[in-house]
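Trainee: Sequence lines, in order, name chains A and B. Under the numbering used here, the first residue of the first sequence is numbered 1, with each subsequent residue one higher. Under the numbering used here, the first residue of the second sequence is numbered 114, with each subsequent residue one higher.
Just so you know, the hints here were simulated from the structure itself, not pulled from any lab data. Keep in mind that a hint or two might mislead.
Unchecked claim - Below, simulated DSS-like cross-link-like pairs (lysine-lysine); rule was C-alpha separation at most 30 Å, straight line:
hint : chain 1 : residue 1 : chain 2 : residue 2
1    : B       : K215      : B       : K186
2    : A       : K44       : A       : K62
3    : A       : K78       : A       : K44
4    : A       : K11       : A       : K71
5    : A       : K44       : A       : K83
6    : B       : K183      : A       : K11
7    : B       : K168      : A       : K44
8    : A       : K62       : A       : K78
9    : B       : K215      : B       : K168
10   : B       : K191      : B       : K215
11   : A       : K62       : B       : K183
12   : B       : K215      : A       : K71
13   : A       : K62       : A       : K11
14   : A       : K11       : A       : K44
15   : B       : K215      : A       : K44
16   : A       : K83       : A       : K15
17   : B       : K215      : A       : K11
18   : B       : K186      : A       : K44
19   : A       : K44       : A       : K71
20   : A       : K78       : B       : K168
21   : B       : K168      : B       : K191
22   : B       : K186      : A       : K78
23   : B       : K183      : B       : K168
24   : A       : K83       : A       : K62
25   : B       : K186      : B       : K168
26   : A       : K83       : B       : K186
27   : A       : K11       : A       : K78
28   : A       : K15       : A       : K78
29   : B       : K215      : B       : K183
Claimed, not checked - Listed next, the stretches of chain A that the computed footprint assigns to chain B, with coverage defined by at least 3 CB atoms under 8 Å from CB atoms of chain B:
hint : stretch
30   : 23 to 31
31   : 80 to 87
Stated by the list, open to error - Across the chosen pairs, the derived CB separations fall in these ranges:
hint : chain 1 : residue 1 : chain 2 : residue 2 : range
32   : A       : T111      : B       : P153      : 38 to 48 Å
33   : B       : Q127      : A       : G72       : 47 to 57 Å
34   : B       : T131      : A       : P81       : 10 to 20 Å
35   : B       : G198      : A       : P81       : 37 to 47 Å
36   : B       : Q127      : A       : N51       : 29 to 39 Å
37   : A       : Q17       : B       : G198      : 31 to 41 Å
38   : B       : Q170      : A       : Q17       : 49 to 59 Å
39   : B       : P153      : A       : K44       : 18 to 28 Å
40   : B       : R223      : A       : A2        : 41 to 51 Å
Only a predicted model underlies this, so the values are computations on that prediction, with no experimental measurement involved. Every residue gets a Cβ at the ideal spot worked out from N, C-alpha and C, and that includes glycine.
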Amino acid sequence: EAGVAQSPRYKIIEKRQSVAFWCNPISGHATLYWYQQILGQGPKLLIQFQNNGVVDDSQLPKDRFSAERLKGVDSTLKIQPAKLEDSAVYLCASSRGGYYGYTFGSGTRLTVV
Amino acid sequence: AQTVTQSQPEMSVQEAETVTLSCTYDTSESDYYLFWYKQPPSRQMILVIRQEAYKQQNATENRFSVNFQKAAKSFSLKISDSQLGDAAMYFCAYPTGQGAQKLVFGQGTRLTINP
Chain A
1 EAGVAQSPRY KIIEKRQSVA FWCNPISGHA TLYWYQQILG QGPKLLIQFQ
51 NNGVVDDSQL PKDRFSAERL KGVDSTLKIQ PAKLEDSAVY LCASSRGGYY
101 GYTFGSGTRL TVV
Chain B
114 AQTVTQSQPE MSVQEAETVT LSCTYDTSES DYYLFWYKQP PSRQMILVIR
164 QEAYKQQNAT ENRFSVNFQK AAKSFSLKIS DSQLGDAAMY FCAYPTGQGA
214 QKLVFGQGTR LTINP
């Protein structure tokens, strides 16, 4: 089974610029997640999708972050405008739920300068 | 709010020896799962082992095993015969939220293997 694909692998932008990340989950996984992992910390959930719909976006900074999952498959996460504190690894994961846990992608390391 | 606590920011062990990483969690649920994930420098989170709370028997996967104490809400990971490839960040995680589908992670433990 193919894994969770993410791109780009690295991104460096200046503050106030915009950036977008892409994720393709494992085929058949209805649930997709975006996590933010700041250096030295555990991942923090930004948004959870179930098929096309948002289940939880309570920790998504909606004034600058947006995410969509078209047709219940691929997803994009956008930051506009970026701040220095957005420097982190952005992890995408998909799941078929419960006991099976999550399968993660390799993440995108974002550096905002 | 459910929380997961890893009290050891860093641990080190000699190659071939055994090391135990600690994790405590807080939940009011009676049936749930617990996970340990490994994150090497490649950044990809890899599932190491999982435990079902209703099972009294501790989970084991090759050199990895857990000591699950439900009453104490403790879920430690034991790595036997440590290998250089075991060096990584290790995260304890607990699923919560609607349908228990939102993983909450601890702060992580950085494991170093000394040759």
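Trainee: Each hint should be assessed against the structure and marked as holding or not.
Mentor: Here's how the hints hold up against the structure:
1. B/K215 - B/K186: 19 Å, holds
2. A/K44 - A/K62: Status holds; Cα separation ~15 Å.
3. A/K78 - A/K44: 16 Å, holds
4. A/K11 - A/K71: Roughly 26 Å separates the two Cα atoms, so the pair holds.
5. A/K44 - A/K83: Satisfied, since the Cα-Cα distance of roughly 17 Å is no more than 30 Å.
6. B/K183 - A/K11: 42 Å, violated
7. B/K168 - A/K44: 28 Å, holds
8. A/K62 - A/K78: 10 Å, holds
9. B/K215 - B/K168: 21 Å, holds
10. B/K191 - B/K215: 25 Å, holds
11. A/K62 - B/K183: 37 Å, violated
12. B/K215 - A/K71: Holds: B/K215 and A/K71 sit about 22 Å apart, inside 30 Å.
13. A/K62 - A/K11: Holds - the C-alpha atoms of A/K11 and A/K62 are around 21 Å apart, at most 30 Å.
14. A/K11 - A/K44: 20 Å, holds
15. B/K215 - A/K44: Holds - the C-alpha atoms of A/K44 and B/K215 are around 10 Å apart, at most 30 Å.
16. A/K83 - A/K15: 5 Å, holds
17. B/K215 - A/K11: The given pair, whose Cα atoms are some 27 Å apart, holds under the 30 Å limit.
18. B/K186 - A/K44: 21 Å, holds
19. A/K44 - A/K71: Given pair A/K44, A/K71 holds - Cα atoms ~25 Å apart, limit 30 Å.
20. A/K78 - B/K168: 41 Å, violated
21. B/K168 - B/K191: 18 Å, holds
22. B/K186 - A/K78: Violated, at roughly 37 Å.
23. B/K183 - B/K168: 10 Å, holds
24. A/K83 - A/K62: 13 Å, holds
25. B/K186 - B/K168: 14 Å, holds
26. A/K83 - B/K186: 38 Å, violated
27. A/K11 - A/K78: Roughly 13 Å between the alpha carbons, so the hint for A/K11 and A/K78 holds.
28. A/K15 - A/K78: Satisfied, since the Cα-Cα distance of roughly 14 Å is no more than 30 Å.
29. B/K215 - B/K183: 20 Å, holds
30. 23 to 31: violated (count 1)
31. 80 to 87: violated (count 0)
32. A/T111 - B/P153: 38 to 48 Å: 20 Å, violated
33. B/Q127 - A/G72: 47 to 57 Å: 49 Å, holds
34. B/T131 - A/P81: 10 to 20 Å: 49 Å, violated
35. B/G198 - A/P81: 37 to 47 Å: Holds, since B/G198 and A/P81 (Cβ atoms, about 41 Å apart) stay within the stated range.
36. B/Q127 - A/N51: 29 to 39 Å: Roughly 48 Å apart at Cβ, these two residues miss the hinted range, so it is violated.
37. A/Q17 - B/G198: 31 to 41 Å: 38 Å, holds
38. B/Q170 - A/Q17: 49 to 59 Å: 52 Å, holds
39. B/P153 - A/K44: 18 to 28 Å: The hinted range 18 to 28 Å holds for B/P153 and A/K44, with Cβ atoms some 20 Å apart.
40. B/R223 - A/A2: 41 to 51 Å: The hint (41 to 51 Å, Cβ to Cβ) is violated, given that B/R223 and A/A2 are roughly 30 Å apart.
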